[in-house]
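J.: Here are the chains, one letter per residue:
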Amino acid sequence: MDDNWGYVVAGYVITIAVLSAYGGWMWFRLRRARRADLDH
Amino acid sequence: MSTRVGVGTKILGAAAFVSLGALAVFALVVAPPDERQGDAQRLMYVHVPAAWLAYLAFFVTAVASVLWLVPRTRSTTWDLLAGASAEIGVVFTGLTLVLGSLWGRPTWGTWWEWDARVTTTAVLFFLYLGYLALRRTGATAQERGTRCAIAALIAFVDVPIVHFSVTWWETLHQEATVFNRDLDVQFEGFWMPFTLIFAVFAFTLLYAFLVMVRLRLAELDEGREERQLEEAIAERVAVTV
Amino acid sequence: MNMFREALLVAGKDLRIEARSRVALQQIVPFGGIVLIVFAFALDPDRGLLPRVAPGLFWTAVLLASLLSITRSFSIEEANGARDGLRLSGLDGGAIFLGKAAAVALQLLLLEVVLGFGVVVLYDVSVRGVVLIACTTVVATVALAATGTVYGVLAAGLRARETLVPLLVLPAVTPVVLGGTRAFEAALAGAPSDGWPWVQLLAAFAVLAVVAGVLAFGPLLEEDS
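Heads up: the protein sequence lines correspond to chains A, B and C, in order. Just so we're aligned: 31 in this note's numbering is position 31 of the first sequence, and the numbers increase by one with no gaps anywhere. Just so we're aligned: 11 in this note's numbering is position 11 of the second sequence, and the numbers increase by one with no gaps anywhere. Just so we're aligned: 20 in this note's numbering is position 20 of the third sequence, and the numbers increase by one with no gaps anywhere.
Among these hints, one or two may not hold up.
[Unchecked claim] Chain B regions said to be covered by chain A (calculated; three or more residues, Cβ under 8 Å):
1) 30-40
2) 92-102
3) 114-124
[What the hints assert, rightly or not] Here's a subset of chain B near chain A, in silico, CB distances under 7 Å, partners left out:
4) Leu43
5) Val46
6) Val48
7) Leu220
8) Gly223
[Said to hold, decoys possible] Estimated spans, in silico, between C-beta atoms of each pair:
9) C:Thr163 <-> B:Phe59: 24 to 34 Å
10) B:Glu231 <-> C:Leu64: 39 to 49 Å
11) C:Gly85 <-> B:Trp108: 51 to 61 Å
12) A:Leu30 <-> B:Arg36: 42 to 52 Å
13) C:Thr163 <-> B:Ala232: 26 to 36 Å
14) A:Arg31 <-> C:Gly90: 31 to 41 Å
Hints listed in this document are in silico derivations from the structure and should not be mistaken for laboratory results. Here the structure is a predicted model, which means the values were calculated and not measured. Ideal Cβ placement from N, Cα and C applies to all residues, glycine included.
One chain only, chain A, in its complex shape (with noise of 0.2 Å):
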C-alpha cells in the first residue's frame, strides 16, 4: 500500500507544477503587456 504514495506525490507534484506553469506564464505576459503600455 505503501508504494501507491509514489503515484499521489506524482500527481500532486504535476498538478502544482502545471498550474503554477500556467498561472506563471500569464502573470509574464501580463507584466509584459505593461512594459509595452508604458513605451507607449
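Knowing the structure of chain A, use the given hints to seat chains B and C on it.
T.: For chains B and C alone, coordinates are given in the frame of chain A:
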C-alpha cells in the same frame, strides 16, 4: 486598458490559493486511505475536480459561443471568454487524463483503459485542441468569432454522443471481464466525501480566478491587434493622400 | 427556386468539376487503395489479423480519404473568386451545404465500393449480411460527408486549412468510425441483429450533422477570412 487585474479577481485568487492549500492538507493528511485502493485514492481529490472543471470550462465556452452567434448579444467579450475558458479547459482535460492514468496504474494495473469515460476524455482533449488551433487563425474577434463559435458548439454536442456510443459499446461487448472492473470509487465516512466536495469548491474558485486573468490577457491582446490594424490602415491612407 | 433544386444545382456543379478534373477518381481512390496496402505492411498478414480487423481498417481508410475529399470540395471554390460567386449567387446557404455534402457523399460512396472490393480481396474477407453492410455504408457516409463539409467551410480560405481540417474532423467523427466498424463486424459475423442498433446511432448522427450543416453553412460562408 489596465494591465492589472481587478480587485475582485485578486480576492478570488487569494481565496483559491488558500482553499487549495487547505485541500492539500485535507486530501493528503486528514482523509483516511481507502480500504481497497489505499492511498492512491487521494488522487481522486484532484482528478475528479479537474474533470469537473474541464466540463465547466467547456460549458462556459459553449454559452459564450452562443452569445457571440446571436446578433443581438454579439460582443468581442464573448469570443474572448470562449477562447479563455477553452484554453483552461484543455489544460484541465490534460491534467484529468494524467491524474487518471496515475490513479489507474496502482488501482487497475494499467496506465490506460478504453472505457467510456477515459476514451471520451481523450477525444474531448483533441476536440478542443483543434478549437484552440482554429482560434489562432484570426487575429481579431471579427475574423474568427463565428467559425470558432460553431466549432465550439459542435464539439460540445459531440462529447455526449461520443460518451454514449462508447458506453453502448461497453454494454454490448462480449468480454465481461474487461469492462467489469469496479470503476466507481466509493467515498465513505465523513472526511472522504467532505474532502471531495471541498476539492470541487476549491477548484471552482481556481477556475473563476484563472478565467478572469486569462480574459484580461485576451482583451489586452485583442486591443493590441486592433491598434496595429488601425495603425496599418492609417499608414496606408497617409501614403495615398 | 426551392432549396432542393438549389442543392441539386450545387451538387451538379461539384460533380461536373470532378468529372472534368477526375481528382477523386485518379487521386483519392488510389490513396484509399494504398492505405489498405500500408495496413498490410503495418499489421503483418501472416498472423491472421487482417480479416478480423478488416471492418476497422476499411473505415479508417475511408476516413483518411474523406479528409482529402473534404479539402478538395472547398479548394475548388478558391480559384477565380468562386467563393464570392457562391455568396453573391443568392443561393440559400443550407442548399449550398446540402449540395456540396451530397457531392462529397457520392464520391465517398464510389470510393467505398472500390475499397470494399479491396478489403475482400486483400484481407481475405467473406462477405455476409450485405443489406446491413449497404445500409451502414450509406448512413455512415452521409454522417461523414455532412460533418466534414461543415468543417470544410469552417476552415475554407484559411492558410492552415490542410492541417486544421484533419485535426477538427477526426475527433468529431469517432462515433461514426465506431458505429460503422461494429455494424460491419456484426454483418460479417453473421449476427446482423447486433448491427442494426449501430445503424440507428449512425442515422441519428447523420441527421444531427445535416441539420447543423444547413443551419451553420450560411453564416460561415458569409465570414470574411
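J.: Hint by hint, note whether the structure agrees.
T.: Against the structure, the hints come out as follows:
no., hint, verdict
1, 30-40, "holds (count 5)"
2, 92-102, "holds (count 5)"
3, 114-124, "violated (count 0)"
4, Leu43, "holds (5 Å)"
5, Val46, "holds (5 Å)"
6, Val48, "violated (12 Å)"
7, Leu220, "holds (5 Å)"
8, Gly223, "violated (9 Å)"
9, C:Thr163 <-> B:Phe59: 24 to 34 Å, "holds (28 Å)"
10, B:Glu231 <-> C:Leu64: 39 to 49 Å, "holds (44 Å)"
11, C:Gly85 <-> B:Trp108: 51 to 61 Å, "holds (57 Å)"
12, A:Leu30 <-> B:Arg36: 42 to 52 Å, "holds (46 Å)"
13, C:Thr163 <-> B:Ala232: 26 to 36 Å, "holds (27 Å)"
14, A:Arg31 <-> C:Gly90: 31 to 41 Å, "violated (52 Å)"
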